[in-house]
Amino acid sequence: MTNGWVDIKNADVILAMGGNPAENHPVGFRWFLEAKKTRGAKLVAVDPRFTRTAAVADLYAPIRPGTDIAFLNGLIRYAIDKKRYHEDYVKLHTNGPYIVGEKFAFNEGLFSGFDEAKSEYAKDNWAYQADPKTTAYGTDPTMENPRCVFQLLKAHVDRYTPEMVERICGTPKATFVKVCEIVTSSYPADKAGTITYALGWTQHSTGVQMIRAGAVLQLLLGNVGRPGGGMNAFRGHSNIQGATDTAGTFEILPGYLKTPTGPLATLQAYYENAVPTTMNKQAWASMNYWTNYPKFMVSLLKAAWGKAATKDNDWGYEWLPKVDGNYSWMYIFDDMYRGSSTRVGGKEPGPEGFITFGMNPVGLGPNSKKMVAALSKLKWMVVVENVETETARFWNAPKEYGGAEPSKIQTEVFLLPAASFAEKDGTFTNSARWLQWKWKALDPPGQSKADQEIIARTFLAVRDLYKKEGGALPDPILKLSWSYPNPVNPDLGEVLKEMSGKALADIPDPKDKTKVLKTAGQQLDGFGQLQDDGTTSCGNWLHSGVYTEAGNNAQRRSTADPTGLGMFHNWAFSWPANRRIMYNRASADAEGKPWDPKRPGIVWNGEKWVGDVPDIKPDSPPGMYGAFIMLPEGVGRLYAPSLNDGPFPEHYEAVEAAIANPLHPKVTSNPASKKFSSDKDIYGKKEDFPIVCTTYRLTEHFHYWTQHQHKGTLNELQPGFFVELPEGLAKERGIANGSQVKVISARGEIQGVAMVTKRLQQLNIDGKPAWQIGFPIHWGFAGDPNHTGPLANTLTPSAMDPNTWTPEYKAFLVRVEKA
Amino acid sequence: MSVQQNLEIRRSSAAVWGSLSGMRSVPTVSKYIDTTTCIGCKACEAACIEWNDLRHIATEQTGTYQTLPTLHAEYWNLIRFNERDFDGGIVWLMRKDQCMHCEEPGCLAACPAPGAIVQYANGIVDVNPDQCIGCRYCETGCPFDVPRFHQTTGKMAKCTLCVDRVAVGLEPACIKACPTGCLQFGTKDDMVALGSRRVDQLKGTGFANAVLYNPEGVHGTGVVTVLAHGDHPEWYDLPRDPHVPLLVKFWKSVLRPLGGIAIFGAVIGAFAHYTKFGPKEVRGADARDRNLPDA
Chain B
1484 MTNGWVDIKN ADVILAMGGN PAENHPVGFR WFLEAKKTRG AKLVAVDPRF TRTAAVADLY
1544 APIRPGTDIA FLNGLIRYAI DKKRYHEDYV KLHTNGPYIV GEKFAFNEGL FSGFDEAKSE
1604 YAKDNWAYQA DPKTTAYGTD PTMENPRCVF QLLKAHVDRY TPEMVERICG TPKATFVKVC
1664 EIVTSSYPAD KAGTITYALG WTQHSTGVQM IRAGAVLQLL LGNVGRPGGG MNAFRGHSNI
1724 QGATDTAGTF EILPGYLKTP TGPLATLQAY YENAVPTTMN KQAWASMNYW TNYPKFMVSL
1784 LKAAWGKAAT KDNDWGYEWL PKVDGNYSWM YIFDDMYRGS STRVGGKEPG PEGFITFGMN
1844 PVGLGPNSKK MVAALSKLKW MVVVENVETE TARFWNAPKE YGGAEPSKIQ TEVFLLPAAS
1904 FAEKDGTFTN SARWLQWKWK ALDPPGQSKA DQEIIARTFL AVRDLYKKEG GALPDPILKL
1964 SWSYPNPVNP DLGEVLKEMS GKALADIPDP KDKTKVLKTA GQQLDGFGQL QDDGTTSCGN
2024 WLHSGVYTEA GNNAQRRSTA DPTGLGMFHN WAFSWPANRR IMYNRASADA EGKPWDPKRP
2084 GIVWNGEKWV GDVPDIKPDS PPGMYGAFIM LPEGVGRLYA PSLNDGPFPE HYEAVEAAIA
2144 NPLHPKVTSN PASKKFSSDK DIYGKKEDFP IVCTTYRLTE HFHYWTQHQH KGTLNELQPG
2204 FFVELPEGLA KERGIANGSQ VKVISARGEI QGVAMVTKRL QQLNIDGKPA WQIGFPIHWG
2264 FAGDPNHTGP LANTLTPSAM DPNTWTPEYK AFLVRVEKA
Chain U
79 MSVQQNLEIR RSSAAVWGSL SGMRSVPTVS KYIDTTTCIG CKACEAACIE WNDLRHIATE
139 QTGTYQTLPT LHAEYWNLIR FNERDFDGGI VWLMRKDQCM HCEEPGCLAA CPAPGAIVQY
199 ANGIVDVNPD QCIGCRYCET GCPFDVPRFH QTTGKMAKCT LCVDRVAVGL EPACIKACPT
259 GCLQFGTKDD MVALGSRRVD QLKGTGFANA VLYNPEGVHG TGVVTVLAHG DHPEWYDLPR
319 DPHVPLLVKF WKSVLRPLGG IAIFGAVIGA FAHYTKFGPK EVRGADARDR NLPDA
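Chain order of the listed sequences is B and U.
Residue 1484 is where the first sequence starts when you use the working numbering, and the numbers rise one by one after that.
Residue 79 is where the second sequence starts when you use the working numbering, and the numbers rise one by one after that.
The hints are simulated quantities; they were obtained by calculation from the structure and are not laboratory data.
Heads up, a few of these hints could be off.
[As the list claims (entries may be wrong)] Restricting the straight-line Cα-Cα distance to at most 20 Å, the calculated cross-link-like pairs of lysine to aspartate or glutamate (EDC-like) are:
1. B:2241 x U:165
2. B:1566 x B:1673
3. B:2194 x U:138
4. B:2214 x U:163
5. B:1520 x U:268
6. B:1790 x B:1801
7. B:2163 x B:2232
8. B:1637 x B:1564
9. B:1586 x B:1623
10. B:1520 x U:278
11. B:2241 x U:163
12. U:254 x B:1517
13. B:2241 x U:131
14. B:1980 x B:2008
15. B:2301 x B:2267
16. B:1862 x B:1888
17. B:2194 x U:312
18. B:2194 x U:128
19. U:281 x B:2044
20. B:2194 x B:2210
21. B:2241 x U:315
Please read these numbers as outputs of a predicted model, since none were measured by experiment.
Generate the whole structure from the sequences, applying the supplied hints.
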């Protein structure tokens, strides 16, 4: 979230789309209701189903799964057409005035620079007009130049009329226009609106562009950086924010630094590749904060290799694994299944071993049969879990998952019992970026161990083996810093200190060399004190400040709220730097006065910015730096030339397309989204599978493990798998409520109880009536015997977003039959 | 049990001579439910199960989000889900169903076992299993279809408004667990005032028929419920005009006292007759056969 949970109460308008917040974040949802009750805020819910969120919304609009970009582009078009956008904000805080180079074009569904053979775009075709290596480039402050971003955006969304939105999304025109009226009502300076979204936006082959479209809309309405505004992503697990912050995926290092790729042999080469070049506009300079890469990177390398990382060996950079391909989820399992790597000409074998740590690939991976088959190819697998999951038991999966006979499977499976969430301490980082320390409630039972002990014991054993036997590259392991007082089971407070960072030598005060900011060994106050000369150590620059000389700030629990806006600066620690609302410079005008004095973010008091922790140099006067300090432009992007599938969002159908794309039938789906080609990667056609299907979660369950609770309360509240069908479709097929129904996709079939409902409607798509159905994901074959059910992912496709490679769980094609 | 003894009893079942009166006045407690901000998350269902140690019921998915079709002796709190067409779209109404803790409880009126159902001074209506004879008359008395007979124990069970928590100054478990704040707890006056404000707010946003459901027919309920569609309580599975059934009232206030008087009268009459007329004398040959002494 750019803002936060409590801040939602400050909103005048809330658009809940691409997510079902009442369902999946019932506790956080209280702030939506607080906004409604205390300030009369309007809640708009846009969803394929009338959900528990829609039940308390002021307006519900149905939408066909996967068509959110058409809807949002329609909203953008409405805002521009009716002049319901915050013009001063757009001119000041966005790249609306910037002139785009003449190579940029969009024709018949393709942006310029598309390489059909590779399914990739050459993004330099989308550059701004001037040479990015100089400090000046063309802008039109009036935003009237036809090649400026604002005009190009206007032209781009022109096709998304309410009629087109109805044609693509199925949303009745009148309802869509009502949504437009309410959502754009936050455009005046003294109004603020927020957008909340979750996996209903991320889990599509156009997921990143859906979010992009929401961000463009929020920039036009002047909502980003404002209390009550922002783009609020609701994460899907209690600590997945923490996971991604700490490098949960292959392409990032802690703090979202990029992982180095093979050709980048030195730190210098790495910096040149990673750090964007500053681009300065006449009025603004850009802080281009990623220019601090060397400080973050060297401090990280010092945290990893301690004394062994020196200036002479490029701070141990050569020991950092270099990425030589795509190791995201779908690629890992594709390699595993085919037993070979797509990289280096297919001569490398696929992975032979696999460690799955608190992760259930058979449950949550798309195309379950492929997951089961892939794991069968491994030599060994280590599963670290609280329960025996579908993954731990993949070798014994029921016949319908197409696995081989257990006797034929060679995979050796190790199941290590792990402590559950109540049996370990540490921090959870929530969607609002708050690192909150949690205390252990009880000891793990039997031989179960905490995660850190499992990792530590594994590491120490591997290090011993390297010591005894040597190996191809022992140094990264042998020289790794592991100086915890209890090396076998490190205290997580120690680890948190390490992540927050400390001084390794005295750090002089840049303003007065005779003074010292920090002495050697002291915890740093924050990433502002990081150095690129090896005198600081920091495991995650983004979390720096969580553990200072004052102590473990994640443990703070003060309810003091002097602003009344729910910032709670002394409750836990909010990254970055305890800032509660990101981009808060944009909450003020060119003079540093708040757009809305009743909800100030930060305000210039003549000497410095006050209010929230400023997201800008605190003593820099208004006019010096742009509000978006992490971007080279220094301003928010209505036009984003860095994404893999285009600088503007464009509606593409899901990979399993329900219709030919009315906007450009020849380019129906996302051209940059790649497909897989093994015999298990089957994509269905609309002629065979005419019904659109989506998947989702329920309040009463959490992923694939609450089904394991024998005689559990949650299993009582929500006992079994079901399929939600519209009344009309059920009538057509003779399916009674509560009877058995089969759902079939190109990849498999599942069966469950039919829930016939009014909450899913027939929609008119491209002028023809069309059905949509959906079902929840929480069941599998490994849970409590009274509560097993089919894996929802039996039906989902091996399709993904080209920027994040997130699978397309939310829009695919099926058939429905009475069972 | 000692907790309940701390609470004075305002009314008791089958207490022919009326209620015990306390010297102190204790405010009536009330549970406030705002169905317009209920998201049906069932935290309250889970809290009730956990606090009251209710036995696990093997529920089944039958085509609804609702946990069970109706309340149960081991399920005292149930969110009822009702979807219906409305105003060109649909509504999905969710109402927390449990004992309403009526001011004038029909279950207490119907109950023939002394002290099996009591109403405390604070208004909470509770079952005393030790006194319950399992006759199920309370089911007839209740206009909200709340009391449930437990097949195994032979007793009636229902929501206790967490009298054990309230007695020590805590809010009921459901109130504590509710994440959205749609459940509140306090004095009846305070909860009615809260409801009044919310109803006004709803009317201001277009719900002209919003109401605080607190039916007169039972002299008001301890549980007050905000309904957006107050003109259609049946949409929420609530009775339009709940009251203690006439038959139960008649039985309790007329027939039973009359019956009591009749029995009492019969006993007095029999005694008076005996003292006046003596025992029945049997004349004739039979006297000797019965080994009676000669008259």
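How the hints compare with the structure:
1. Simply put, residue 2241 (chain B) and residue 165 (chain U) have alpha-carbon atoms about 14 Å apart, close enough for the 20 Å limit, and the pair holds.
2. For the suggested pair residue 1566 (chain B) and residue 1673 (chain B), the alpha carbons sit about 16 Å apart, so the restraint of at most 20 Å is met.
3. Proximity of residue 2194 (chain B) to residue 138 (chain U) is assessed by CA-CA distance (about 13 Å); at most 20 Å being required, the pair is judged to hold.
4. Of the pairs offered as hints, the one joining residue 2214 (chain B) and residue 163 (chain U) holds, with about 17 Å between alpha carbons and a cut-off of 20 Å not exceeded.
5. The suggested pairing of residue 1520 (chain B) with residue 268 (chain U) holds, with an alpha-carbon distance near 18 Å, which does not exceed 20 Å.
6. This hinted pair checks out: residue 1790 (chain B) and residue 1801 (chain B) have alpha carbons roughly 15 Å apart, not beyond 20 Å.
7. With a CA separation close to 14 Å, the supplied pair residue 2163 (chain B) and residue 2232 (chain B) stays within the 20 Å bound.
8. Pair hint residue 1637 (chain B) plus residue 1564 (chain B) holds up; C-alpha atoms about 8 Å apart against a cutoff of 20 Å.
9. Between residue 1586 (chain B) and residue 1623 (chain B) the CA atoms are separated by roughly 18 Å; this keeps the pair inside 20 Å, and the hint holds.
10. Taking the CA atoms of residue 1520 (chain B) and residue 278 (chain U), the gap is near 12 Å; set against the 20 Å cutoff, the hint holds.
11. Distance hint between residue 2241 (chain B) and residue 163 (chain U) is fulfilled; the C-alpha atoms sit about 8 Å from each other, no more than 20 Å.
12. A hinted pair counts as satisfied when its Cα atoms are at most 20 Å apart, and residue 254 (chain U) with residue 1517 (chain B) qualifies at roughly 17 Å.
13. For the hint pairing residue 2241 (chain B) with residue 131 (chain U), the CA-to-CA distance comes to about 36 Å; that exceeds 20 Å, so the pair is violated.
14. Between residue 1980 (chain B) and residue 2008 (chain B) the alpha-carbon distance is near 11 Å, which keeps this suggested pair within the 20 Å criterion.
15. The hinted pair formed by residue 2301 (chain B) and residue 2267 (chain B) fails the criterion: a straight-line CA distance of about 27 Å is larger than 20 Å.
16. Distance hint between residue 1862 (chain B) and residue 1888 (chain B) is fulfilled; the C-alpha atoms sit about 16 Å from each other, no more than 20 Å.
17. Restraint check: the Cα-Cα separation between residue 2194 (chain B) and residue 312 (chain U) comes to about 33 Å, which exceeds 20 Å; the hinted pair is violated.
18. In summary, the hint linking residue 2194 (chain B) to residue 128 (chain U) is supported, as the alpha carbons are separated by about 12 Å, within the 20 Å threshold.
19. Distance restraint check for residue 281 (chain U) and residue 2044 (chain B): the Cα-Cα separation of roughly 32 Å exceeds the 20 Å cut-off, and the hinted pair is therefore not satisfied.
20. A threshold of 20 Å between alpha carbons decides the hint, and for residue 2194 (chain B) with residue 2210 (chain B) the separation of about 33 Å lies outside it, so the pair is violated.
21. A threshold of 20 Å between alpha carbons decides the hint, and for residue 2241 (chain B) with residue 315 (chain U) the separation of about 18 Å falls inside it, so the pair holds.
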